[in-house]
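The sequence shown begins at 0 in numbering that gives the first Met the number 0 and counts up by one.
Honestly, the hints are just simulated from the structure, not real lab data.
C-beta: ideal position from N, C-alpha, C; glycine also.
Be careful, since some hints might not be right.
Between beta-carbon pairs, the in silico distance windows are [claimed, not checked]:
| hint | residue 1 | residue 2 | range |
| --- | --- | --- | --- |
| 1 | Lys4 | Arg53 | 51 to 61 Å |
| 2 | Arg55 | Glu30 | 18 to 28 Å |
| 3 | Arg40 | Lys8 | 29 to 39 Å |
| 4 | Arg53 | Thr26 | 25 to 35 Å |
| 5 | Thr26 | Pro1 | 36 to 46 Å |
| 6 | Arg6 | Gln48 | 31 to 41 Å |
| 7 | Arg31 | Arg51 | 13 to 23 Å |
| 8 | Arg25 | Arg3 | 25 to 35 Å |
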Amino acid sequence: MPERKIRPKSDEPLGNPGDGGGDGPRTPDVERPNTKELLDRMRRVDPRQARRYRQRSGE
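Start from the sequences, fold in the hints, and give me the full structure.
Structure below.
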């Protein structure tokens with residue numbers, strides 16, 4: 000078995016985990032939807048489903 004190569008450590012910080020590390024895909028820069036608005040819309044469509052969603056999400 001070949002000997003293990005030891006690389007010198009770089010002192011650079013890794014950076015933001017969402018930036019993809021340079022070559023990889025980046026996370027989209029979008030804000031989370033307003034849950035209050037979502038619940039109001041769900042309540043208009045199906046009040047029972049809105050109640051179930053509220054219980055599941057801890058709202």
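The hints, checked one at a time:
In this structure the hint that lysine 4 and arginine 53 lie 51 to 61 Å apart at CB holds, the actual value being about 55 Å. Between arginine 55 and glutamate 30, the C-beta spacing of about 22 Å keeps the proposed range 18 to 28 Å intact. As the Cβ distance of arginine 40 to lysine 8 is approximately 51 Å, the hint placing it in 29 to 39 Å is violated. Take arginine 53 and threonine 26: their Cβ atoms lie about 27 Å apart, and the range 25 to 35 Å holds.
Under the hint 36 to 46 Å, the C-beta atoms of threonine 26 and proline 1, about 38 Å apart, fit the expected range. Hint check: arginine 6 to glutamine 48, Cβ distance near 55 Å, so the stated range 31 to 41 Å is violated. For arginine 31 and arginine 51, the hinted distance range of 13 to 23 Å is satisfied, since their beta carbons lie about 20 Å from each other. Our hint of 25 to 35 Å for arginine 25 and arginine 3 holds, since their Cβ atoms are close to 33 Å apart.
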